[in-house]
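Please construct the entire structure, taking both the sequences and the accompanying hints into account.
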Amino acid sequence: DTGVSQDPRHKITKRGQNVTFRCDPISEHNRLYWYRQTLGQGPEFLTYFQNEAQLEKSRLLSDRFSAERPKGSFSTLEIQRTEQGDSAMYLCASSLQGVYTDTQYFGPGTRLTVL
Amino acid sequence: DQQVKQNSPSLSVQEGRISILNCDYTNSMFDYFLWYKKYPAEGPTFLISISSIKDKNEDGRFTVFLNKSAKHLSLHIVPSQPGDSAVYFCAASEGRSQGNLIFGKGTKLSVKP
Numbered sequence: 112d113t114g115v116s117q118d119p120r121h122k123i124t125k126r127g128q129n130v131t132f133r134c135d136p137i138s139e140h141n142r143l144y145w146y147r148q149t150l151g152q153g154p155e156f157l158t159y160f161q162n163e164a165q166l167e168k169s170r171l172l173s174d175r176f177s178a179e180r181p182k183g184s185f186s187t188l189e190i191q192r193t194e195q196g197d198s199a200m201y202l203c204a205s206s207l208q209g210v211y212t213d214t215q216y217f218g219p220g221t222r223l224t225v226l
Numbered sequence: 017d018q019q020v021k022q023n024s025p026s027l028s029v030q031e032g033r034i035s036i037l038n039c040d041y042t043n044s045m046f047d048y049f050l051w052y053k054k055y056p057a058e059g060p061t062f063l064i065s066i067s068s069i070k071d072k073n074e075d076g077r078f079t080v081f082l083n084k085s086a087k088h089l090s091l092h093i094v095p096s097q098p099g100d101s102a103v104y105f106c107a108a109s110e111g112r113s114q115g116n117l118i119f120g121k122g123t124k125l126s127v128k129p
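Quick mapping for you: the protein sequence lines, in order, are chains A and B. Everything in the first sequence is counted per the numbering used here, starting at 112 for the first residue and increasing by one. Everything in the second sequence is counted per the numbering used here, starting at 17 for the first residue and increasing by one.
For the record, the hints were derived by calculation from the structure and aren't laboratory data. Treat the numbers as computed from the prediction; the structure is a model and nothing was measured. Relax, there's no trap hidden among the hints.
Below, a sample of chain B positions facing chain A; criterion: calculated Cβ distance under 10 Å: (1) Gly59; (2) Phe105; (3) Cys106; (4) Ala107; (5) Ile118.
Positions of the beta carbon are idealized from the N, C-alpha and C atoms, including for glycine.
Take a look at the structure:
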């Protein structure tokens, strides 16, 4: 399977704990995105990388959230001191920026439940 | 303030008939639009896109229409099949290569045999 993969698929944690999610993009894609989706809503943009550089961050990305893409391949999203409001589906997407297309392809998501 | 609106939370259609899903936007800077389909426990799957220089784009059973003056787009599925039952999201961006996609809340399509 050469699509976007995310690990873990599900994570249950207690309030106050730190969690880290991993995303592996489609191999030739130079852009990688993180979104968050809550029940009844569409995905909400969090941040994106072009290669190693983090180019944009949403105001939704509080200082408890940090994302990295150290070698321009996989990415991690860490949430420190989790809160119940962080419970959501965290989606990763990747794209190949080109002249004619920059379509984002999504992974299956990581569902986070904060107790 | 929602910049992309899908005002119908759900839609039910008979197999073989046409499904029409609607989307409105408020930001006049949006010039690239996409539709995604999402099954439960999966990530969104890209369906079709349209640039603001066009008013129609077709791919098999899926056609997207864009009315810039009305800030409205629609997705037509003809003929509808039971496997099309899913949540459909409309998304928009400022430019084809902008990172930040703005999504609507989605419309749940049910296609009945």
